[in-house]
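Engineer: Below are the chains, spelled out letter by letter.
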Amino acid sequence: MKVAFPCFGYETISLKNFVENLGAQVCLPPPLTEKTLSLGTKYSPELICLPFKITLGNLIEGLRAGADTLFMAAGARKCRFGYYHYIQETILRQVGNGHKFYPISQYTPFEFFFRKMPSIFSVSPVRVITATYLLLQHSALIERFRNYIRKARILDFNKSRAQEKHALELLEHAKKLSQIRKTKEAIDKLFDKTKIIPDNTIKIGLVGEIYIMLEPFANHDIEKELGKMGVWVWNQRSLYRHLKHLLHIDHLGIKYKFQASPYLKDSPGGEAINTVGEARSFIKNGADGIIHIYPFTCMPENIAFEALQKMSDDYSVPLLSLSIDEHTSQTGLLTRLEAFVDLLKRRKMITQKPKIQNSKIKT
Amino acid sequence: MKIGIPRALFYFRYGRFWQQFFNHLGIETVVSPKTNKDLLDIGLKKVSSEICLPIKIVCGHLEWLKDKVDTIFLPRIVELNHGLYSCPKMIGIVDIARMQVGNQCQILSPKIKNNFIFAHFLLGLNLTKNPYKARKALNKALPYLNNHKTNVFDNHKPKILLLSHFYNLEDDFIGQDIKAAFIENGFAITTKEVLDQTILNSANGFAKNIQWIYERELYNAFHYNLTKVDGVCDIISFGCGPDSLVGEIMNQHANQNKVPFLQLIIDEHTSKTGLVTRIEAFSEIIKRKTYTTDLHK
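In order, the protein sequence lines correspond to chains H and S. Mapping the first sequence onto the numbering used here, position 333 (from 1) lands on 333, and the numbers just tick up by one. Offset between the second sequence (1-based) and the numbering used here: plus 363.
Take the hints with a grain of salt, since some may be wrong.
Derived lysine to aspartate or glutamate pairs resembling EDC-like cross-links, with alpha carbons at most 20 Å apart [as the list claims (entries may be wrong)]:
| no. | chain 1 | residue 1 | chain 2 | residue 2 |
| --- | --- | --- | --- | --- |
| 1 | S | Lys400 | S | Glu442 |
| 2 | H | Lys265 | S | Glu442 |
| 3 | S | Lys474 | H | Glu338 |
| 4 | S | Lys409 | H | Asp313 |
| 5 | S | Lys409 | S | Asp430 |
| 6 | H | Lys255 | H | Asp266 |
| 7 | S | Lys397 | S | Glu533 |
| 8 | H | Lys165 | H | Asp199 |
| 9 | S | Lys409 | H | Asp314 |
| 10 | H | Lys228 | H | Glu89 |
| 11 | S | Lys408 | H | Asp313 |
| 12 | S | Lys408 | S | Asp630 |
| 13 | H | Lys2 | H | Glu20 |
| 14 | H | Lys310 | S | Glu413 |
| 15 | H | Lys310 | S | Glu426 |
| 16 | S | Lys476 | H | Asp266 |
| 17 | H | Lys16 | H | Glu164 |
| 18 | S | Lys571 | H | Glu111 |
| 19 | H | Lys16 | H | Asp266 |
| 20 | H | Lys203 | H | Glu225 |
| 21 | S | Lys571 | H | Glu89 |
| 22 | S | Lys660 | S | Asp630 |
Since the hints were derived computationally from the structure, they do not count as laboratory data.
Okay, chain H solo, but in the shape it has when bound:
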């Protein structure tokens, strides 16, 4: 059995290790490129959102790379994401031949542990539970790594690229619990914790739709570009948190729901409530600006966008909304980011100016 599933940022490694722990061989599709996107766009409905197109292109490439079993997250609720697999299945049937396609429902953990996974991989539920525990540990490690690399980018961008490469190699080999623990120590050592980020660094809170936020291809590597400009990116989203949310043990989710309550009283589905809650807590913690990133025509994020605009007015914090689709160009995005960062720098200068003038008069 050769398994393929859509890429999901750095977390692809966690998912790959999860499937390998269940005793299957993983046949990962090639890294996401423009070709993947054009392949996905070719077969997709016109009005669908971007993650559909990327994941579909990714699955088709996986099939071409020799996979015979495809996995896709499912779970129909308010957001469109849960319905992707119905259409993707019919499209993939036209493209591929003789493969199996398994939609994995997100909201039924009991069925996942005891029925679905054991029957697909023909393993015992105990093994599925241990593999899921390892997946949680591994994705927690990736979240830790993401936080380190964000800081490392501001301190020394060129060095951070080497560190990133090295850390990813380490993470790829962390399959058992003991290895994960060793990797955690190695990563802690790799990144220098003694260096402190200067106070005048621009801090930007990144919020939005989870796939676009975590997949560097989908967001045109926005975190790296911002890091290059010397911006400290705050990002609270990760696969680890999403998995915890699905297992009902995500305490941060409750906090953000409370934070969002003045703007959104009820969750309109998807991650809108997290988006708004995170943005508010970032602002309260002193973020200089908020970047909201979401796929074009995303329903929940459009509601969140209205709330964020109101919040931006209320707290007078600049907001940049980036709606991404397959026509978004990296250059256009960069120009907007540069302009936004410039604006934040100016704002910071103006708010700090009176202090400098006073000190000059004294000396």
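Dock chain S against chain H, hints included.
Structural biologist: For chain S alone, coordinates are given in the frame of chain H:
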């Protein structure tokens, strides 16, 4: 106390029920006028350009109502019929309204989750503090909840199924031109509103996978009518998430059954002329198809 109901979105399904309900509670209701260009233009300025047309229209209506009443009634329909959700924008519109006109007037938004009637009873109780009165008003208003319409088919004319949400089709600003164009081309129109609720809400076949209330109705209406009509016209407002998926599924099914299928995507820039041209071309296709099948007989 004056309660304002925007003549948009849910009004076209539950509007008469709400009016009767509030009247029997002894509360005066004001309904905003029919959608026109001015209301839409006001609404356009209030929300982001990416949001679908019905939401933009609601925002226009809210702006009209805000000076004329002291309370606007806009329920938050989250879940109906156990496990069937409404679209994220329908849930979020209440928050948008609160942010938009919350300073000028109060927004009355009972949260409706699963039990539609009990939520209204609680609302009546909250407004009058009299359970007997609330129940009486509810009982008197209930017959109006059934929006069943009858339309008689002219057997000689080719039949077309106009497939769209009630808030698109029954809003004359959006639906009138399309309906008129089809009638002008000699078609008899049927919509999903004439079907029985048991057909619309059935969970047989693919419909059980669809967890959106109004999308399931659309799909069931489509499935029920597939063999009974000569063509299907699906009207989608640009940016509508559920429709983009279910529309695609219906398109695939129509192709398999060789039923002509037209997808009209509308937004605030849609011109009447463009629509009429496409409808004329589509009607030609249907006429040719019936002509050739007659020849083969």
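Engineer: For a C-alpha distance cap of 20 Å, please report whether Lys400 of chain S and Glu442 of chain S respect it.
Structural biologist: 32 Å, violated
Engineer: Check the hint pairing Lys474 of chain S with Glu338 of chain H against an upper bound of 20 Å on the C-alpha distance.
Structural biologist: Outside the cut-off at roughly 43 Å; violated.
Engineer: Under the criterion that the straight-line Cα-Cα distance not exceed 20 Å, is the pair Lys165 of chain H, Asp199 of chain H satisfied?
Structural biologist: 28 Å, violated
Engineer: Can the restraint linking Lys203 of chain H and Glu225 of chain H be considered satisfied, given a maximum Cα separation of 20 Å?
Structural biologist: 14 Å, holds
Engineer: Next pair to validate is Lys310 of chain H with Glu426 of chain S; report whether the Cα-Cα distance is within 20 Å.
Structural biologist: Distance of about 17 Å is within 20 Å: holds.
Engineer: With the threshold set at 20 Å, check whether the alpha-carbon distance from Lys409 of chain S to Asp430 of chain S stays at or below it.
Structural biologist: 16 Å, holds
Engineer: Within a Cα-Cα threshold of 20 Å, do Lys571 of chain S and Glu111 of chain H meet the stated pairing?
Structural biologist: Between Lys571 of chain S and Glu111 of chain H the Cα gap is close to 19 Å, so the pair holds against 20 Å.
Engineer: Would you mind confirming whether the straight-line C-alpha gap from Lys228 of chain H to Glu89 of chain H stays at or under 20 Å?
Structural biologist: Roughly 40 Å separates the two Cα atoms, so the pair is violated.
Engineer: Between the alpha carbons of Lys660 of chain S and Asp630 of chain S, is the straight-line distance 20 Å or under?
Structural biologist: 42 Å, violated
Engineer: Checking one constraint from the list: CA of Lys476 of chain S to CA of Asp266 of chain H, max 20 Å. Satisfied?
Structural biologist: Given that 20 Å is the threshold and the Cα spacing comes to 12 Å, the pair holds.
Engineer: If you draw a straight line from the CA of Lys310 of chain H to the CA of Glu413 of chain S, is it 20 Å or shorter?
Structural biologist: At roughly 17 Å apart (the allowed maximum being 20 Å), Glu413 of chain S and Lys310 of chain H satisfy the hint.
Engineer: Between Lys409 of chain S and Asp314 of chain H, is the straight-line Cα distance small enough, at 20 Å or below?
Structural biologist: 17 Å, holds
Consistency with the previously given hints fails for numbers 1, 3, 8, 10, 19, 22, ordered from lowest to highest.
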